[in-house]
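Visitor: The chain contents come next:
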Amino acid sequence: MKRYILITLILSFSVLTFAADKGKIEVPLRFDRYYNYDDVTTALKALNNAFPKLTTLEVVGQSEEGRNIYALTINNPETGNHLEKPGVYIDGNIHGNEIQAGEVCLYYANMLLSKYGENEKITKVVDKNAHYIIPVVNVDGRYHFFEDANTPDSNRSIRIPKDDDNDGLVDEDGYDDLDGDGNICQMRIKDPFGNYKTDPEDPRLMMRVRGEEKGEWTVLGLEGIDNDHDGRINEDSEGYLDPNRNWGFDWMPPYVQSGAGLYPMSGVGLKSIAKFIEARPNIIMGYAFHNNGGLWLRPPSSSDIRIDNRDIAVFDILGTNSEKIDPDYVYQPAYDLYPTYGDFDSYLYDIIGAYSFTGELFIEDHQTYRKDTKKPTPTLQDQSQGRRGTSQERNREVLDFNDHVALGELYKDWVPYHHPLYGDIEIGGWIKMSSRLPHPFMLTDLVHRAAAAVLFASENTPEVKMEVTETKDLGNGLKRVRVRLSNENALPSMTYQAITTKLHPKDILKVSGVKVVAGGTLTDQYMDKVNYKEYRPEIQFLSVPSYGKIDFQFIVEGKGQMQIEYTSQKAKDLKASVKL
Amino acid sequence: MRKKLTVFLTVLLSFLVLQGFNSYAQNKIAFTKYHNYSEVQDALKSLADANPAIAELHKIAVSPGGKEVTILEIGKNLKDKPAVFIGANFEGITPVSTEGALYLANLLLNSKENTENVKWFILPLPNPDASENYFSSVVYEKSTNDQKLNKDIDDQVDEDGFEDLNGDGFITQMRVKDPEGTYKISPNDPRIMVRADAGKGERGEYKIYIEGIDNDGDGVYNEDEPGGINVGINFPHLFDHKNKDAGIYAGITPESFAVMKFIYDHPEISMIETIGTSDFCIEPPKGGRRGGANMQSIKIPRRYATQFGADPDKTYTMDEIIEFVKPMVPEGMEVTASMIAGFLGLGAAVNPQDNDLKFYSKLSEDYKEYLKEKKFNTERLDPPRDKDGSFELWAYYQVGVPSFSMNLFTVPKVKEEKKEEEGLSLEEVEKMEVKEFIALGEEKITAFLKANKAPEQFSAKSIIDMMNSGRVTPKQMAGMMKNMPKPVKEGELSEKDKSLLAYIDKDLGGKGFAAWEKYQHPTLGEVEIGGYLPFLESTPPASMIDSLCSVQIPWLIKLSEKLPEIKILDEKITDMGSGIWKLELFVENKGYLPYPTSMGERNSQPASVIVLLEGKDLEFLEGYSRTPLGSIGGNQVKRLTWIIKAGKTSSITAKIESKNVGSDVKQIKIGG
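Going line by line, the protein sequences match chains P and X. No gaps in the numbering here: position 256 of the first sequence is 256 in my numbering, and each next residue is one more. No gaps in the numbering here: position 645 of the second sequence is 645 in my numbering, and each next residue is one more.
Hints were generated in silico from the structure; no laboratory data involved. Built from N, CA and C at the ideal position, the CB exists for glycine as well. Hints are not guaranteed to be accurate.
Only part of the chain P face toward chain X is listed, based on derived beta-carbon distances under 7 Å [claimed, not checked]:
1. N166
2. G168
3. F193
4. Y196
5. L262
In silico BS3-like cross-links for lysine-lysine, where the CA-CA straight-line distance does not exceed 30 Å [as the list claims (entries may be wrong)]:
6. K207/X - K496/X
7. K207/X - K572/P
8. K271/P - K261/X
9. K148/X - K510/P
10. K572/P - K148/X
11. K207/X - K162/P
12. K162/P - K659/X
13. K496/X - K502/P
14. K533/P - K79/X
15. K533/P - K148/X
16. K162/P - K496/X
17. K148/X - K162/P
18. K502/P - K148/X
19. K59/X - K271/P
The whole structure should be built from the sequences, with the hints applied where relevant.
Guide: Spelled out as structure tokens, the structure:
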């Protein structure tokens with residue numbers, strides 16, 4: 001054990017992360033770098049200090065390890081209280097290793113604030129919407145991803161210890177950074193009976209042996225030792241509780257879906273975020289960012305659940321736009337990737353009544369080094385030894401990309417190491433900041449395109465207009481008043497699903513100042529067809545559709561000012577008055 | 001000398017008595033009345049204060065109505081002992097169950113023997129907002145807490161509740177003559193309203209409403225009663241998100257969330273008992289729910305079937321699939337049904353596991369025998385069945401411990417004259433094999449279906465077809481039929497109405513029913529207000545509390561004696577030469593109940609018992625220092641083996657490590 005500490009000390013000076021030495025954090029923020037947990041906090045405070053009027057920075061709650069979870073609210077108080085406006089919620093990094101999701105949130109905030117008053121589109125959404133931004137949901141995860149040695153895939157969990165190997169001990173056999181380089185890489189051992197041989201084209205790569213070819217290597221797995229002496233290596237690392245399986249809607253216990261947590265909302269940080277969201281019923285649009293794969297996922301997350309077709313039409317408008325922003329990204333229902341229960345996206349849609357997307361950022365194939373821009377075709381039965389069954393040709397290309405484009409920062413060549421169990425082995429491979437994360441030079445492009453997709457959705461939150469289209473004297477002191485509520489944007493004033501499930505009250509149109517004899521929805525303005533409401537005609541319940549309108553007709557008695565009020569949980573409230 | 005000894009003994013005895021008095025004070029709660037929220041809190045506090053050495057209160061949550069949710073722990077002095085969690089009155093409409101919980105606490109604190117080996121957590125009022133309605137000046141049954149909720153999703157919240165229009169202190173019903181009415185007065189008893197049977201050309205005369213006015217003028221009566229979430233159905237097993245009273249997701253209200261957290265924070269809890277509406281003590285948890293995977297008939301998705309060498313169009317039993325998978329995993333790795341179910345995405349279990357029904361049935365028989373010995377009347381209306389999202393279902397399916405529920409009171413059933421030649425009962429059919437049932441022949445099956453009012457689309461022929469093709473078993477069919485409303489005999493009151501009226505007339509001296517009386521309603525005009533009083537079905541007169549509890553509650557303690565208890569029974573050391581030894585350890589479950597339950601095995605919760613071997617210079621050639629015991633049946637012995645290298649004179653410490661089935665340590669000398 002002592003030996004590891006010594007090696008760690010020696011190597012800690014050469015630790016390879018992109019967070020170090022990044023200069024001062026100033027507004028406008030830079031996005032050619034990654035922010036560790038403390039940097040994110042500093043960046044949020046910098047934005048808040050630079051734009052005190054437009055922003056509120058609050059601590060939503062604490063994580064399992066006591067770190068603060070921050071929410072930045074962007075709202076222009078001159079155009080109204082945030083709760084009055086359609087709310088747009090954006091978060092990221094619910095999985096501890098999915099770092100760039102946090103940068104997207106910071107970028108979006110930085111973009112809205114630094115271009116406010118200069119760019120017309122941005123000024124408009126800042127004035128008409130309330131934005132709630134939680135850049136890092138899994139704060140412990142982000143902290144440990146930077147601080148500890150990791151693989152690109154490790155450290156997703158929130159920090160609730162779990163006994164993964166059923167030996168009565170928790171989290172006692174995680175990975176070990178044997179060479180002390182801050183990364184968990186691969187271990188391999190020379191073995192004439194091994195399944196792999198050295199790739200003749202690039203000696204850093206291996207490929208499967210075929211037929212009578214002689215083996216050279218056995219891949220031993222990820223860096224580690226058998227800490228608990230049970231004959232297995234790395235089988236009980238931190239967690240595992242998947243913070244994106246622990247939300248209340250359609251939650252299923254761990255035996256149905258591993259990582260669910262023992263009961264819904266058992267994550268303390270998640271629960272505090274739920275409280276924050278549930279106190280903002282105006283949220284109608286939501287984005288949760290992850291990596292990777294290049295996907296825009298919409299509800300439902302399980303094929304057992306049906307959602308309203310009219311909502312799918314709305315999702316399609318936003319999803320199709322997002323796909324065009326980066327044509328390699330695919331828009332699809334979440335269950336097409338794989339079914340999940342208790343995921344955050346469904347929580348936003350089914351519990352909060354918001355149109356919600358999961359953005360799976362980054363496509364590994366964007367790491368190219370070639371003349372021909374055609375995609376390589378991965379061949380099945382390939383001899384490759386890479387991530388996710390990519391072809392050997394592609395593995396070589398990514399390594400070339402590393403060498404010639406990414407300054408050799410993503411890959412560590414094999415180095416000898418003396419393992420306590422295996423003896424002489426070699427350690428090497430892709431570092432934690434590779435594979436699922438774009439190299440910093442690609443980050444600006446990625447965060448901007450994702451932010452552009454969010455901006456389009458914000459622009460399309462409902463903007464309801466109310467007009468009195470007609471007042472007509474019917475004689476006998478009666479007047480006919482027609483009121484139209486219209487919306488030129490893609491999002492209706494509430495989700496159709498929320499109407500079906502009676503999730504929250506519909507919008508209300510209320511007439512006062514005169515006696516309403518009859519009132520109801522005008523379904524045909526020429527034939528004067530009205531669905532009159534039998535009780536309380538002065539109060540009408542409605543929703544304003546996507547790209548559409550709804551008309552009301554009131555038969556009223558009396559003179560003077562007729563007041564008309566429109567109130568909505570999601571859209572902005574309106575008032576009008578007519579002199580009769 | 002002799003005198004001195006006597007003095008000494010007297011001093012010693014009085015010291016012991018005093019000690020005993022300190023830790024086991026004679027606690028007195030009078031069970032002659034129902035205790036409201038503050039009285040329950042006081043009672044809990046006085047019990048805890050009187051027994052500071054062993055008892056402690058845990059305030060786990062505050063309800064939306066500002067009331068504390070409090071657990072009394074008895075046995076805080078105990079280490080490494082299993083615990084039983086008792087929750088009562090989750091729905092807030094069975095005040096007698098809260099009394100039952102207090103009765104149990106009192107009983108435990110007055111007798112040393114049941115608090116030495118088992119720790120108890122007692123929660124008498126998990127839904128304090130709802131349970132307080134019984135004590136309010138206007139009594140009505142309501143299970144929801146004080147969370148503000150706009151149930152009619154209009155422009156106001158909690159604005160259209162019930163009103164005690166006739167001022168009798170109860171919310172009952174209103175009947176009003178209406179040409180569209182679907183009810184008529186029963187020809188058998190003028191107190192009872194029955195639905196007019198349009199099929200027989202009958203026409204209804206009355207509409208029925210709950211007592212109240214249309215406060216918000218929307219044409220609907222009492223549709224937005226103050227109140228939010230029914231804590232009793234806010235748990236995550238089969239949580240019904242379509243039921244507005246259940247809340248929008250499981251655990252959204254602080255009471256149920258805190259209960260879940262408390263239970264998982266106390267892994268020593270190895271049994272959960274619920275006092276309330278359902279009764280698993282009398283009748284094992286019911287099956288017959290659709291949607292759960294049938295472990296005897298599993299289809300393997302194509303992508304896995306090819307890997308297993310199985311046919312994706314065929315169905316397999318769980319045991320067969322385990323055999324497929326065994327050669328594919330590393331040697332020595334145990335392939336469990338739980339692992340396969342998770343891997344194949346078989347979803348949540350919705351019906352009790354067959355092996356668990358064995359102990360439920362046996363203990364139910366024992367309980368009935370026990371009640372018979374106590375001359376306790378068991379001829380009573382059936383307790384309501386467990387509800388989706390209930391605490392007791394969650395305890396069984398998700399916490400994975402034996403979950404027993406007990407209903408302390410339902411109204412006595414009227415004795416019916418023995419019916420002539422009844423035909424097959426549901427219980428008899430439930431026990432039949434498919435072949436046996438089909439062998440009855442169409443005629444008998446038709447008679448059975450008719451007698452039990454099966455829906456018309458189910459003919460004997462269609463049932464036989466379904467059974468032949470394996471779509472349904474007699475057990476599943478009987479299970480479904482049991483969940484249907486009891487058939488009513490033509491021209492008679494239902495069994496329930498008959499029993500309730502007899503109970504009112506004989507036992508309550510006519511109280512329990514508000515006679516229909518005229519009332520001028522502001523919008524409905526002339527109505528009559530009357531009907532069964534709230535809490536009639538579930539809540540006996542306070543004078544009965546003591547006798548009901550004194551017989552039934554001790555059974556909950558008896559159940560705790562069935563807990564699994566895991567010990568090292570024996571060991572065997574075989575000398576294999578050259579300092580190599582084979583160690584065999586025989587681990588026994590001394591309790592009646594298995595560990596874990598079959599459901600607990602399926603869901604890998606609670607944690608396995610660990611057998612730990614430690615010793616100086618001990619080297620494992622086969623096996624490891626920490627070995628999960630896996631499942632072990634009640635009164636069963638399991639053998640574990642290791643091959644070790646150790647010196648002849650060294651000794652091994654073998655430990656049973658568990659949070660909830662006790663502990664054990666044994667020193668084993670190598671070489672005897």
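Visitor: Would the hint linking K533/P and K79/X be met if the CA-CA limit is 30 Å?
Guide: Answer violated: K533/P to K79/X is near 67 Å, above 30 Å.
Visitor: With a cut-off of 30 Å on the C-alpha distance, tell me whether K207/X and K572/P pass.
Guide: 42 Å, violated
Visitor: For the pair supplied as a hint, K148/X and K162/P, confirm whether the alpha-carbon distance does not exceed 30 Å.
Guide: Since the Cα atoms of K148/X and K162/P sit roughly 37 Å apart, the hinted pair is violated (cutoff 30 Å).
Visitor: Just to be careful: measuring from the Cβ of F193/P to every Cβ in chain X, is the smallest value less than 7 Å?
Guide: Since the shortest Cβ distance to chain X is 18 Å, the answer is violated.
Visitor: Mind checking the CB of Y196/P against every CB in chain X and telling me if the closest is under 7 Å?
Guide: Status violated, d = 20 Å.
Visitor: Check whether the Cα positions of K502/P and K148/X lie no farther apart than 30 Å.
Guide: The given pair, whose Cα atoms are some 16 Å apart, holds under the 30 Å limit.
Visitor: Would you settle whether the hint for N166/P is holds or violated, based on the nearest Cβ-Cβ distance to chain X being less than 7 Å?
Guide: 5 Å, holds
Visitor: May I ask you to test the interface hint for L262/P with respect to chain X, counting a Cβ-Cβ separation under 7 Å as satisfied?
Guide: 5 Å, holds
Visitor: Keeping to a limit of 30 Å between CA atoms, is the pair of K148/X and K510/P held or broken?
Guide: 23 Å, holds
Visitor: Hint check: K271/P vs K261/X, CA-CA at most 30 Å. Holds or violated?
Guide: 13 Å, holds
Visitor: Is it true that the CA of K207/X sits at most 30 Å from the CA of K162/P?
Guide: 57 Å, violated
Visitor: Please work out if K533/P and K148/X have their alpha carbons no farther apart than 30 Å.
Guide: 27 Å, holds
This entry does not satisfy hints 3, 4, 7, 11, 13, 14, 16 and 17, going by the numbered hints stated previously.
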